[in-house]
Structure formats: structure tokens, C-alpha cells
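S.K.: Per the numbering used here, the very first residue in the sequence shown carries number 2; after that it's consecutive.
Hints were generated in silico from the structure; no laboratory data involved.
One or more hints might be untrue.
[Unchecked claim] Straight-line alpha carbon distances no greater than 27 Å define the calculated BS3-like cross-link-like pairs of lysine-lysine that follow:
1. Lys53 - Lys131
2. Lys123 - Lys104
3. Lys53 - Lys104
4. Lys131 - Lys104
5. Lys53 - Lys123
[Unchecked claim] Quick list of simulated restraints, FRET-style, between CB atoms:
6. Val122 - Asp70: 34 to 42 Å
7. Pro116 - Pro67: 20 to 28 Å
8. Thr101 - Pro127: 19 to 27 Å
9. Gly38 - Phe71: 21 to 29 Å
From the three backbone atoms N, C-alpha and C, an ideal C-beta is built for every residue, glycine too.
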Amino acid sequence: MMLTHTFLILASLLAFAPKTRADGVIMSGEGTYYNTGDSYGACGSILRDTDKIVAVSHLLYDLTMPVGDFNPNHALVCGRTICATGPNGTLTVTVADRCTGCKFYDLDFTEGQFPQIGAIVKGRVPITWKWCDDGPVILPPGATTTTTKTNTKTPSTSTSNTKLSLTTSSTSRTSTSSSISTSTSSRRSTISSTTSTTILITTQRKTTSITTTATTTKISTVNIANGIPCTKFGEWACAFGCICNYTNDEFGKHILEWACNPSSVSC
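Let the sequences and hints guide you as you build the complete structure.
M.R.: Written out as C-alpha cells, the structure is:
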């Protein structure tokens with residue numbers, strides 16, 4: 002009595018146990034059709050050309066045979082439901098036969114149902130299909146399914162532009178990195194040189210700021226005829242149709258005497 006009671010409890014638990022859903026896994030293959038001839042299929046039932054049945058590949062079919070059982074009618078795939086999609090649409094069929102010329106994921110439909118998948122004149126069309134019932138997904142020998150979860154993280158990058166303006170000004174006294182622009186006329190002369198360089202630096206996640214302060218010195222134009230004195234820069238210099246000379250050699254004195262009027266200008 003106790004054994005009977007225990008058996009009933011186990012049977013009830015199994016009846017409400019969750020089943021494995023096979024749908025969601027998509028297979029790809031080719032769809033074909035055949036004439037059943039109102040004969041028996043591998044699963045043991047009589048087949049007609051109008052039946053919504055399908056023959057699966059012998060490679061798949063044989064994997065579902067119980068161990069030690071050689072009766073093809075007992076294959077576990079018999080009666081399984083397949084939802085197949087082809088160029089013409091989708092068709093739901095029941096496994097009832099075995100296709101000896103099909104590849105693992107190929108399906109062979111009845112002639113009456115094939116037009117729902119593809120054109121009869123083509124005879125063979127590409128299809129996708131899945132199991133539409135409760136049951137395991139049948140894979141080729143050695144095949145495994147892998148689920149990959151990918152987390153994508155987008156880095157945040159800040160970009161800043163730092164503009165550096167470096168201005169260098171010099172007079173003719175600087176001989177290393179300056180240039181001298183000299184103009185000559187009968188009354189006025191200007192000596193001035195300015196070099197400006199702009200550098201644009203683009204940095205990521207880092208901002209560099211450089212500040213350079215430069216002093217600009219300009220020797221003004223001097224009108225000797227009106228007795229305006231020369232501008233003094235370190236030493237006295239005359240700027241009237243001549244270059245500024247800071248030497249004391251004989252040639253320099255001669256140039257200064259020629260460029261300046263000693264009675265009105267002290268050089």
C-alpha cells in the first residue's frame with residue numbers, strides 16, 4: 002500500500018515537471034519534396050502526398066534511436082513538430098519519415114505541401130527551421146552550442162585644444178634668432194623685426210597650458226632734419242639711411258658722422 006502511494010506521488014510530480022523547450026534554436030539547410038506513394042514511413046504510419054509531414058535526414062533520425070533498439074518506428078524524433086520557413090512562407094509539419102539522401106539539417110516535404118515552402122519547379126530551396134514543441138535540440142555528433150554574452154563599455158574621452166601663441170621680438174642687436182628688416186629713404190628709416198609662431202596642441206584627458214610673455218622693442222623712425230634725437234637702445238644709435246652700429250671701430254665712427262648731424266644730435 003505504501004509503495005502504491007509513493008508511486009502516485011512520483012507520477013504527479015513528473016506530470017507537472019517543466020519540459021525543455023527546443024524552440025529558439027534555428028537550423029539551416031535545404032528543403033526538397035518527394036512522392037510518398039501512400040506507403041509506410043519510417044515512423045510506421047501510412048503517408049500521403051497531402052499530409053503535413055516531413056522526413057528528416059537519416060543522420061539526425063538515427064541519433065534518436067533508443068540504445069539496442071533497431072526498430073525505426075521507435076525513433077524518438079517521430080511525432081516531433083517542426084516549423085520550417087522557405088522562400089514562399091512558413092509551414093508546420095510533423096516528423097514521420099527518414100530521408101536517406103538528406104544532409105543533417107535538410108528536410109524532405111510531401112509534394113502537396115512543398116509549394117508553401119518553395120516553387121515545385123525548383124525542387125530544392127534554402128530553408129531555416131526550428132523545433133516547435135517540447136523536446137531536446139538534436140545536434141550533429143561532436144557539435145556543441147555556445148552562448149556568448151558580450152558587455153560593451155564605451156570609454157569617455159575628453160579632448161581639449163590648447164592654443165599656444167609664442168611671440169618673439171628683437172632688434173638688430175640679436176644675432177642668433179632674429180631677422181632685421183631695413184628700409185632706406187632720404188628722410189626716414191625703420192628698424193623692426195617681429196616673429197610670431199602659433200602652435201595648436203590637441204591633447205586627450207590632459208590639458209597643457211603654456212604662457213610665454215615677450216617684450217617687444219621697436220626703434221622708432223628718426224627725422225634727423227628736425228633735430229629729433231636717436232632712440233637709445235643699450236648704446237646710442239642713429240637711424241637715418243644707415244644701419245645701427247654699436248662698435249667703436251674707425252669705420253663705424255665714419256658712418257655715424259655721415260648719418261647724424263653732430264651739431265643737433267648726440268650719438
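S.K.: Taking the hints in turn, state whether each one holds.
M.R.: Do the hints match the structure? See the list:
{"no.": "1", "hint": "Lys53 - Lys131", "verdict": "16 Å, holds"}
{"no.": "2", "hint": "Lys123 - Lys104", "verdict": "18 Å, holds"}
{"no.": "3", "hint": "Lys53 - Lys104", "verdict": "21 Å, holds"}
{"no.": "4", "hint": "Lys131 - Lys104", "verdict": "16 Å, holds"}
{"no.": "5", "hint": "Lys53 - Lys123", "verdict": "20 Å, holds"}
{"no.": "6", "hint": "Val122 - Asp70: 34 to 42 Å", "verdict": "41 Å, holds"}
{"no.": "7", "hint": "Pro116 - Pro67: 20 to 28 Å", "verdict": "36 Å, violated"}
{"no.": "8", "hint": "Thr101 - Pro127: 19 to 27 Å", "verdict": "21 Å, holds"}
{"no.": "9", "hint": "Gly38 - Phe71: 21 to 29 Å", "verdict": "24 Å, holds"}
When each numbered hint is compared with the structure, a violation occurs for hint 7 only.
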